[in-house]
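Starting from the given sequences, assemble the full structure and let the hints guide the process.
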Amino acid sequence: MTWEDDVRRMVALVATFLAAHRVSACTVCESETGRQVRSGIFGGDFGQDLFLTLLPFPVLLAIVALIHFGFPWPRRASRSGAVTGGEES
Amino acid sequence: MASGSDRRPLISAGTLLGIGMGGFVDGIVFHQILQVHNMLTARYPKTGVDAQTALVNTQINMFWDGLFHAFTWGMTAAGLALLWRAVRRGDVPLSTRTFVGSMALGWGLFNLVEGVIDHHLLHLHHVTETEGHLLWDLLFLASGVVLTLGGWALIRAGRADG
Chain A
1 MTWEDDVRRM VALVATFLAA HRVSACTVCE SETGRQVRSG IFGGDFGQDL FLTLLPFPVL
61 LAIVALIHFG FPWPRRASRS GAVTGGEES
Chain B
1 MASGSDRRPL ISAGTLLGIG MGGFVDGIVF HQILQVHNML TARYPKTGVD AQTALVNTQI
61 NMFWDGLFHA FTWGMTAAGL ALLWRAVRRG DVPLSTRTFV GSMALGWGLF NLVEGVIDHH
121 LLHLHHVTET EGHLLWDLLF LASGVVLTLG GWALIRAGRA DG
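In order, the protein sequences belong to chains A and B. Take the first sequence: its letters are residues 1 to 89, numbered as in our numbering. Take the second sequence: its letters are residues 1 to 162, numbered as in our numbering.
Treat the hints with caution; some may be incorrect.
Distance condition first, Cα-Cα at most 25 Å in a straight line; then the derived SDA-like pairs of lysine to any residue [as the list claims (entries may be wrong)]:
#, chain 1, residue 1, chain 2, residue 2
1, B, 46, A, 35
2, B, 46, A, 52
3, B, 46, A, 48
4, B, 46, A, 44
5, B, 46, A, 14
6, B, 46, A, 65
7, B, 46, A, 54
8, B, 46, A, 31
9, B, 46, A, 43
10, B, 46, A, 42
11, B, 46, A, 33
12, B, 46, A, 30
13, B, 46, A, 47
14, B, 46, A, 41
15, B, 46, A, 34
Some chain B residues judged to face chain A by a derived CB distance under 10 Å, without partners named [claimed, not checked]:
#, residue
16, 23
17, 62
18, 78
Rather than coming from a laboratory, the hints here were simulated on the basis of the structure. We put the beta carbon where it would ideally sit given N, CA and C, even for glycine.
Given below as structure tokens:
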């Protein structure tokens, strides 16, 4: 018997223990409160709530993308006639 | 500024870090320590309702707060990745003023964007869920303006750093 066998046996033991205690680990899963919470989260408004919660992030990412990649419209030419680029204001 | 240098990778990395860290300040201070609001407290209020509804709504809000924090964590992680890429490039001047200014810019943008969208347009929640919430909402926006302008000024000053 090698140490790898001991590790596998230990992992199996821990996984069995955790699986057996899965229900008791969740303090509200099977309670009336838990059912109301799950209903409130995953009910008919879930999609809308998800969209509204995450809405600021694509806006912020778009601003960062503009900073990183530059603006999509043509850059103005410098006095020498060369198109300026690479550095923001 | 040296020719052939590009500050944008450092600025975008700092901005992303500022967005994430600003989001964490909001979540940790207002949602958790002070508990003056949560993600959807205007839709699922904790006050003015019976105790059972308050408990259920608190736990519903905790879920959405967690999702919000997951995305601010993602922003911070992405900012770190961009920062690592920026410092490995030879053409990115490593200016403290540029970096700190970018983080301030990011934090300010977070306050402005989140404030306008969540507090004023969609009314998902307010800074305080009280009658006088407009003042606090406007102060929150003002903090975003100050951070954004201050960050932008530092970024401009950082041009002299190479």
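Hint check:
Our distance criterion of 25 Å between C-alpha atoms is met by residue 46/B and residue 35/A, whose separation comes to about 18 Å. Among the hinted pairs, residue 46/B with residue 52/A is consistent with the structure: their alpha-carbon atoms are about 19 Å apart, no more than 25 Å. A C-alpha spacing of about 20 Å is found between residue 46/B and residue 48/A, which places the hinted pair at or below 25 Å, so the restraint holds. Distance check on the hinted pair: residue 46/B and residue 44/A sit about 20 Å apart at the alpha-carbon level, within 25 Å; holds.
A C-alpha spacing of about 38 Å is found between residue 46/B and residue 14/A, which places the hinted pair above 25 Å, so the restraint is violated. For the proposed pair residue 46/B and residue 65/A, the alpha carbon gap of about 37 Å is over 25 Å, so the pair is violated. Pair hint residue 46/B plus residue 54/A holds up; C-alpha atoms about 21 Å apart against a cutoff of 25 Å. For the proposed pair residue 46/B and residue 31/A, the alpha carbon gap of about 20 Å is at most 25 Å, so the pair holds.
Restraint check for residue 46/B and residue 43/A: satisfied, since their Cα atoms lie roughly 19 Å apart, inside the 25 Å limit. For the suggested pair residue 46/B and residue 42/A, the alpha carbons sit about 19 Å apart, so the restraint of at most 25 Å is met. Distance restraint check for residue 46/B and residue 33/A: the Cα-Cα separation of roughly 15 Å lies within the 25 Å cut-off, and the hinted pair is therefore satisfied. A threshold of 25 Å between alpha carbons decides the hint, and for residue 46/B with residue 30/A the separation of about 22 Å falls inside it, so the pair holds.
A C-alpha spacing of about 22 Å is found between residue 46/B and residue 47/A, which places the hinted pair at or below 25 Å, so the restraint holds. Annotation: proposed proximity of residue 46/B to residue 41/A holds, straight-line Cα distance about 15 Å (limit 25 Å). Pair hint residue 46/B plus residue 34/A holds up; C-alpha atoms about 17 Å apart against a cutoff of 25 Å. With a cut of 10 Å, the hint placing residue 23/B at the interface with chain A holds, because the nearest CB-to-CB distance is about 9 Å.
With a least beta-carbon distance of about 9 Å to chain A, the hint placing residue 62/B at the interface is held under the 10 Å criterion. Against a cut-off of 10 Å between C-beta atoms, the interface hint on residue 78/B holds, since the closest Cβ of chain A lies about 9 Å away.
When held up to the earlier numbered hints, the structure conflicts with 5 and 6 and fits the remainder.
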